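K.L.:
The residues making up each chain are set out below.
Number of protein chains: 2
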Amino acid sequence: MKITASAIGLLAAIPSVFGLWPIPTSHTEGKSNSQVWWVDIQVQGQSSPVVRDAVERYRNIINSESFLAPVDYKRGSTDEALGLETDESYTLDASLKAKSPYGVVRGLETFSQLVVVNTPISIKDAPAFPHRGVLFDTSRNWYSVDAVKHTLDAMSYNKLNVLHWHIVDSQSWGIERAAYSDKQLYSYKDIKDIVQYAKNRGIRVIPEFDVPGHTYAVGLSHPEIMSCLDVQPGWDKYAAEPPSGQLNIAKDGSIEFAKKIFKEYAALFPDNVIHVGGDEVNMRCWETDPDVQKHLAANKNETVESLLLSWYGKLHNYDTIVQTWIDSASVPNTVNRGYRAVSSDYQSLYLDCGHGAWLPNWDGNSWCDPFKTWMHVYNYDVLANITDPAKQKLVLGTEVAIWSEQTDEHSFDPRAWPRAAAMAETGWSGKKDASGHVRTTGEVASRLHEQRYRMVGRGVNAEPMQPLWCARNPGRCDLP
Amino acid sequence: MKITASAIGLLAAIPSVFGLWPIPTSHTEGKSNSQVWWVDIQVQGQSSPVVRDAVERYRNIINSESFLAPVDYKRGSTDEALGLETDESYTLDASLKAKSPYGVVRGLETFSQLVVVNTPISIKDAPAFPHRGVLFDTSRNWYSVDAVKHTLDAMSYNKLNVLHWHIVDSQSWGIERAAYSDKQLYSYKDIKDIVQYAKNRGIRVIPEFDVPGHTYAVGLSHPEIMSCLDVQPGWDKYAAEPPSGQLNIAKDGSIEFAKKIFKEYAALFPDNVIHVGGDEVNMRCWETDPDVQKHLAANKNETVESLLLSWYGKLHNYDTIVQTWIDSASVPNTVNRGYRAVSSDYQSLYLDCGHGAWLPNWDGNSWCDPFKTWMHVYNYDVLANITDPAKQKLVLGTEVAIWSEQTDEHSFDPRAWPRAAAMAETGWSGKKDASGHVRTTGEVASRLHEQRYRMVGRGVNAEPMQPLWCARNPGRCDLP
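Residue numbers (full-length UniProt numbering), protein chains in the order written: chain A, 1 to 480; chain F, 1 to 480.
No wet-lab data here; the hints were simulated from the structure.
None of the values given here were measured: they were computed from a predicted structure.
It is possible that part of the hints are untrue.
As the list makes no split between identical chains, a pair holds if one copy fits it or if it spans any two.
As the list claims (entries may be wrong) - List of simulated lysine to aspartate or glutamate pairs, DMTMM-like, C-alpha gap at most 25 Å:
(1) Lys314 x Glu264
(2) Lys99 x Asp327
(3) Lys432 x Asp363
(4) Lys237 x Asp193
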């Protein structure tokens, strides 16, 4: 399909700034600035509901966009003098072509960022990595449906395309059962609404039902299939965080339960990928469980680990993508064994780190100190130590993780943005420009400042990166 | 004056929770729970504009309060059955007495927190420290007038009583001149508005005009009285942060300028205390300045340090309170020399720490890592190592500092709250209860959770302290 946009423009002297985020694969800059006054977007040829929704959305975004990029703050008002010498010329047609409705969505975001800058003549753009996500944890603290949609909007401004929805955990089962309250869960209707909202923005929703660890909440309705449920005091011997509770891998009821929920929820979420968790299993929890002990006594060739592995094997035998987080070797290890990998290396991509410990009687630091700055996020190279192109292809991309033990909708925006935008660029644009030069944070700061102010203008409470003076004076707040 | 509040109450079974913050000096708990349905507050006897404003404000706060304390989430709906056995009794008059309008303001806040809990019969309350402040930096990033007022509201919910307004710095002179733009400064009208708003909440506004360091912004209009103005590259040899610039202490024009602005701004702010800064002066800046070098060549008995001291001496010879931040010895050192002290010990009270460095070409940590959790803030003892009661009296109190290099109104609330509330309690209630027991963070966590949810209900985007499950299950997320 083809979109044409007609922008009625006025040639005026505007400080040139090329503020696209993420930066397109290639572009050719135009020679003169145009200030765009009105945009109308029309679809020619075949269309689709996603495209029509996107066109309507971006028409509104563009026509109500009012943020001023920091370097433009001293721009004076437009000259409306009328006389013999008034320049009445106008121009600019932009044509947007794409192979899928979602390419259109991506292109419309770029177009929305273009309309106030030195307008390039031609952009050719495509993502370096197909999986660019946010691990969104609504189980540790509550997020309203509006808050989820707000996050999807913010993601769409950055061409992020996966919402890895960590929707249940020990602290709540926030989908239709065992949630905080009947006001704090997502009904099936809510989920369909959110999935459609995401789809309109070209965002896949991949839900996670973390098993067999992190499952205290299951014990509220199914205590008989649990191990080490809410051990008090002393949860710390049985779990990574309180309250303790894991599915009892020696009981058939636990695998029946797990298969049942995956069958039910897989039908609810249209994506062909579902996340089964497997995070932070605690071996002592099972070693001390009477049913596990009985099973091992009767099956001397088995261990807790082999029992766990066979439990996983009973749960599913689907093609598996591995999400890694625990160290730098994980991604190479995964692809070297032939599996596809998505990285959330905690050293760079865990955005919750550096906020102190959260047990109220312990004055300690966060386990994954320090705080990861946008520069640190941006500098992450998911292909580090992977030189074989065939193996590189197995790296699907990255996800920033925003674990919510200390975050909810009242603090999410500044926690997530603009740091997640930093990863959005390396995910979309890769680490290098066309000449092979690795982009540095000093070089990209101006554009990210602009993206931050753009996002604020669109209602996202992204935090500032620096003093405003520094945003307005690029390069003058660098480390010499 | 005397305030009476009539609350029409209904005896009902409500889980008992005593959620006042900060905790009063003393209280006697009542024996039965009352759920309060309507509050009317009347003033008897003498009144004042501050009192009338506060009464109106708290009447609205109380009658629109809708937050649910986390431990109450499972509370069912009220029994409206009507029959022979219905209990029709009602009671509760509360009488609030105070010696100043600001005692009334404090008492009304406590009353607003009481109306949904086990209602004490009697509270007697007074602050341990007279200075309990927020160092509010509107110079590194911009805050609208509404954002300033919003912060004053949040402070009033915590009985904080000083807004230390860091209103100018190198990066902007946000008051009537040299501001970011003519839309981003505080006019004298704005300031009077804010000062009155603060006064209604019993909050003093103490402005700071930091001299002679941190004054690049002065150089925009008075370059002739400056030293080391905007050295690029290499600002880091001449200043703690970019851009560099200090008042030239060898030029009479600099002291004339400083005296002029203090005279002008002292007339604008009614408090009898004004903050003259003196922070982070860089000696090399002056050592390399030609005017300073000329002065020292002609005055061989002087040094840069003595020149600086005599500059301060020319600026003012008023009674001085010292605000300390740099180490634990500062407070004892100050009071042992007979000066009054206000502490912002960075190790506990700098709330901006732990957010990484902010120079875009340097992937580093914040200089004052790690992040200070609410527990760490709460554990701070400003009287540590000061045993002489006469010296203890010289400690006026504490201020949390929220430096804004990486914060503005889009991220301020979660950055400040509820951590500043932790300091608000130690400032109002002291470290110990009446028996001499030092309150621990494990003991107070429930009440602070409740204060956090109360603040959220009142429109302050305080961040969550823990997973919601932990807030609802006190003691079950403690470190064993």
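K.L.:
Taking the earlier hints as the rules, which of them does this structure contradict?
P.N.:
2 and 4
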